[in-house]
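Protein chains in written order, with this note's numbering: chain A, 1 to 159; chain B, 1 to 383.
Derived by calculation from the structure, the hints in this document are not laboratory data. Everything hinted at is true.
Keeping only pairs whose Cα atoms sit at most 20 Å apart, straight-line, the calculated SDA-like set for lysine to any residue is:
(1) B:209 <-> A:24
(2) A:2 <-> B:207
(3) A:2 <-> B:288
(4) B:369 <-> A:151
(5) B:334 <-> B:14
(6) B:295 <-> A:16
(7) A:153 <-> B:18
These stretches of chain B come out as covered by chain A in the derived footprint (C-beta under 8 Å, 3 or more residues):
(8) 22 to 33
(9) 36 to 50
(10) 292 to 306
Remember, it's a predicted structure, so these values are computed and weren't measured experimentally. For each residue, glycine too, the CB sits at the ideal point set by N, CA and C.
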Amino acid sequence: MKEILEIMENDARIGIDEIAAMTGIPESQVKKAIKEAEEKGIIRKYKTVIDWEKFGEEYVYAIVELKVSPERSTGYDAIAKRIAKFPEVISVRLVSGDHDLSLLVKGRTMKDVAFFVAEKVAPLERVQSTETHFILKTYKQDGDIFYEKEESKRLAITP
Amino acid sequence: MIAEKVQRIPPSGIRKFFEMVTGMDDVISLGVGEPDFVTPWPVREACIYSLEKGYTSYTSNWGLQELRDEIAHAVASDYGIAYSPEDQILVTTGVSEAIDLAMRAITNPGDEIIVVEPCYVSYNPCVTLAGGKPVSVATDPSTHFRVTPEQIEDKIKEKTKAVVLNYPNNPTGAIMKKKDLEAVADVVVEHDLIVISDEVYDKLTYDGKHMCFASLNGMQDRTILLNGFSKSYAMTGWRIGYAASTPEIIGAMLKVHQYTMLCAPITAQMAAIEALRNGREDMLVMVREYDRRRKLIVKALNALGLDCLEPKGAFYAFPSIKSTSMSSDEFAEKLLKEQKVAVVPGNVFGACGDGFIRCSYATSRDAIKEALERMETFLTPKG
Ligand SMILES: Cc1ncc(COP(=O)(O)O)c(C=O)c1O
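Looking at chain B on its own, in the form it has when it is part of the complex (with noise of 0.2 Å):
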């Protein structure tokens, strides 16, 4: 009865260990891939006066025009690069969305798409249900996490329609210097690829500055740039976010859009909009204490012998597990049934995460501390 395509999908490896932790008591989790801040409150005090003033109308397929607008103003503040708001920037249901409406839009049957592991879970999924053939490129610590032009180059074939890139990385928190991303783009270009480049975490670079893959010479015009508002601004359950690119990409884009989503809820994006405007200074002190949490984990996790770059982006720590000679799976399984601290195992991110476990920092330094007490005690050699 199941479509096929939709059967070829495997089952999440997330929610087995959802429903792992449901019902259990006590636990102290570091698996929660959103920020444990509620959204600032003069975004949520803007949305509660616009439902006062009655809005809550369907609005334009593309998204309201003065969200578009600051959007538009707040790329070419932060990277220089110009969009029109006019044709060139679609408001989503939160990137998630745009990552559909990206891989349908360009996707033709049997086109492939290089996936650069470990990564968000919906890239492969999105690519097989938009018809097209997931290629996995695996990066490790030996390059800190970063994509390299010759790993990408392995994988070209004549089918190569795009690449995914997702700096600062969920799960691995690595992100890509100027220069190496301009490698890439070199590879790019002589290959005639669009890259699909998933920045919601770009506000959450720390000791630097983020690069805009799309502001790289002659890179904007091959690019669909995804952001969103969920990880920077603290506002997952809004489901906001927005993609950019060529007015020809856009418009394909809105074309599946308009027909499944007909637009973003008027309510998020009344949010978004003052989240834009006003939310700079809450966003900021958000960063300032995800940084100290960051350098307070990173310290402790080497310290348990779990050996853990530092990760200069998003927010989470992705150390390795190998010294304990257990599989992710088993490592995050008995973890939690021996000491109840829940963390994500690193292979539902991709084959090569198998050997490491992701460990979200996004939650109070009272619970990290607690957690890593427990990750040591369940470290020690017992007897």
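Here chain A stands alone, though its shape is the one from the complex (with noise of 0.2 Å):
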């Protein structure tokens, strides 16, 4: 299974013909595990990474920085799952450090983030500050180098 999850991890949109051929496993016990997987939601779901900016659509990615008061009971439970509601947000995650709730944002425009951010997230009775940092370019991304691959300058033909 752990294989199968690795092989599947960097391409989403491999066979199973091809996933049984390259482990040895045959190819109605591939079927089988991969549906598991999805039920027990250990596939969480299929995406396609995309190069917005290269297709020539603007988008406006921010981390947003919260300080919260944390509830008496919950913690920080409540008001996270509370601001990952929003579709504006792409992920909120608590770290540790200066503040305490980290958000990527993703709008059309820096007036439309930030008018979020002063609008929807502020004003929110446990947030006690927001710092934006506007994102202005992406190197990589989930693993994926986002610039030039670095390729091996091998001849075509050696010993």
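Combine the two chains into a complex, taking the hints into account.
What follows is the structure, given as structure tokens:
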């Protein structure tokens, strides 16, 4: 199962026959294992990594750091889950250090993002302060390098 | 003008093919005998750091003490054999240099060295240049390209000095199991021979563990163990490897090395230290990927009707093309011209390699798939 997952993590579109050929596990078993992983939520979803900027679509991303005061019984969970509901929010993480929650926010323009933070996030009761860092350029995301990839500079035939 | 010894060495079959490929566009190559990975970043980074710190000098002829310590440690923990880093390990510029040194250190004029074929292209020329006479032993799929003791014994004469073994093998991907090697060891003892064991692909052994020839009972003192970093750590361009044997043999090899090479490049030695200390994880990731490609390519080749044993090591598949009634050269040339897929004709690895082609799977899965589709078109009768 682990080997199948490792292969799929790098290529969500790979065929069952190919996974079977590479691992030596029969196709029927590969199929079963994938189905099981989907059902158990081990495979959460199949996604495509897109460089939108290259496509010509402008999106603005910002890392927004929040200081929040935790709640007595639920700690940070309640406020984090509340923030996670906004579709503008791509990710929400509790982090150590200077601030408490770190968000990734997506919008069409800088103004969009700034207003979203000012109007929707900052006024929340437990949020003490916000600090917005706009992302200017992505070099690497989810382990994928966005600039020219490094390739082996081999000759075509060697002994 | 040119020395006869050098004239006697035939032109390289690989070179001829390389020249055909050069200048052609859109070629997919299964002809490459080196990893498609770039050296793992931590290894490169360690080398850059060493340069920043000013490590740019010669080292001892033996190689850096730290590196020899790491090599001794690695061989001991992988194979349970102890070599003294003081006088039993020599750092060389790749296994290539070590092959040359080994031949020159042990060969008297006219001595015969048995070379098991199909094999890596350097052994025979190095024997010749050292003044010896290479004697071929042919292996084939009937023994899974494993050499048998009888085959070796058949070739032994008074002048026989040594046997060259290379498992996992380039080009066949064959390995030898412990009992196969032990049978060879008996012949080696009986006829008082040396074994030059090129184990540069040891880490690329699938479904099981590599058997080091020197680890067999009584064999350490009769073996010149050659290994390096090119294949396992994707470090071909660094030119770094090593030899391990008795103080007497290593001392003799050192003599040649010190007057011809002086020492291996210090930057490469620095990188090799890092590879042995912290490169294992990266290496295992590469090995897992080769393993997947291996299964893919073998299945596909057999499906094309090119009979191919499952290679148990290295990164080559060596299918038979006898069903096409073409010679290896013909097949490889036509395939290149018609479909722009480069493979290496088996006969460059010895006469018994004719009827086979070497397909390297040290290339991306997408390239392998595309190459095999083109081969299918090539093999489908036209009309
Ligand atoms: C069997 C064998 N030995 C030795 C070498 C050369 O290795 P190195 O790069 O360490 O000189 C190769 C490279 O293709 C090989 O296949």
